[in-house]
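Use the sequences and the hints to build the structure in full.
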Amino acid sequence: MNIRERIEKNEELYLCKFAAKSSQTKGRLKPEEKDDIRTDYMRDRDRVIHSKSFRRLKHKTQVFFSPLGDHYRTRMTHTLEVSQVARTIAVALSLNETLTEAISLAHDLGHTPFGHAGEAVLNKKTNGKFKHWFQSLRVVDVLEKDGQGLNLTYEVRDGIVKHSKGRGDILLDKKNSANTLEGQIVRIADIIAYVNHDIDDAQRAKIIDKIPNRLSNVLGDTHSKRITTMVKSVIKQTKESNYEQILIESDILECLNELRDFLFENVYMSGAIQSEISKSSKVISDLFDYFLEHIDLIPQYGSTKEESVADYISGMTDRYAMDLYYKIFIPKSWAIT
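The numbers in UniProt numbering rise by one with no breaks, and the one at position 131 of the sequence shown is 131.
The reader is advised that the hints may include incorrect statements.
Straight-line alpha carbon distances no greater than 27 Å define the calculated DSSO-like cross-link-like pairs of lysine-lysine that follow [to be verified]:
1) 21 <-> 239
2) 52 <-> 125
3) 125 <-> 26
4) 129 <-> 30
5) 174 <-> 239
6) 175 <-> 26
7) 34 <-> 17
8) 58 <-> 125
It should be emphasised that the hints constitute simulated quantities derived from the structure, not laboratory data.
If you want it as structure tokens, here you go:
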């Protein structure tokens with residue numbers, strides 16, 4: 001018995017019957033030989049961490065564009081916070097922590113520069129065909145490794161494409177949810193992480209002072225207390241449902257929805273954020289039009305020119321997009337040499 005087989009045997013012994021076991025994966029798009037040391041989900045996690053797309057997350061917007069302060073979240077730190085919340089829930093429920101981590105780390109690989117503002121522009125430019133969760137799947141299936149993709153397992157890919165919610169329902173019916181409980185964990189861990197860290201960042205930016213008293217009375221009056229309340233609620237309700245799906249208590253869900261609405265109204269749609277959205281949207285729009293006219297300058301992995309341009313721009317970091325915009329559209333100062 002090699003190391004991988006021992007780990008798989010331990011999963012069978014110690015994970016609950018509802019967990020996705022590594023040895024029972026539905027496999028990869030392209031079959032591969034098994035590793036002697038790592039399970040398939042361990043390999044997926046490692047491939048994501050070592051990918052270029054993952055490294056670029058450190059310079060992509062979460063809410064505040066290219067923040068100068070060291071403590072504002074980026075897409076990278078958001079991803080790490082999602083992973084930590086999700087892993088805590090997975091361990092408490094005796095589900096597969098490694099699968100949960102792999103999905104968490106990959107869930108936002110397709111996000112654009114300037115966050116959802118960049119996504120909105122690319123969606124418009126491609127006639128409604130660009131969504132960051134589908135782009136994240138496209139990154140791991142096609143774009144990484146110069147068009148080879150990462151060849152991840154079905155379970156990780158399923159969790160990636162079903163993680164997002166926007167302002168839609170936080171909980172989905174079983175038909176539309178991820179096919180693993182681990183994938184469902186990432187969906188709710190995503191919102192638990194972002195509503196809490198966005199409150200923290202908005203307070204740091206002095207956009208809001210505090211959240212409504214009704215919400216803080218139920219959820220807690222600190223970042224840590226709110227996360228603890230939500231995580232415990234997910235664990236409790238999921239267990240009480242006998243793992244029918246990943247759930248959260250109704251009163252906490254109601255507060256979570258109210259908290260998200262509060263952030264949309266007071267932070268994401270605030271004048272401070274909206275004024276920067278118009279500027280960043282122009283950067284993305286102009287770059288898109290430029291590369292559509294100069295398509296030979298970029299890699300072409302898409303079935304259309306528009307898809308290839310969207311692929312190229314969505315992979316940019318904030319600062320790369322701004323530097324490129326300056327280089328293409330801003331006249332250089334003349335100097336005699």
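Going through the earlier hints one by one, which of them does the structure break, listed in rising order?
Those not satisfied come down to hint 3.
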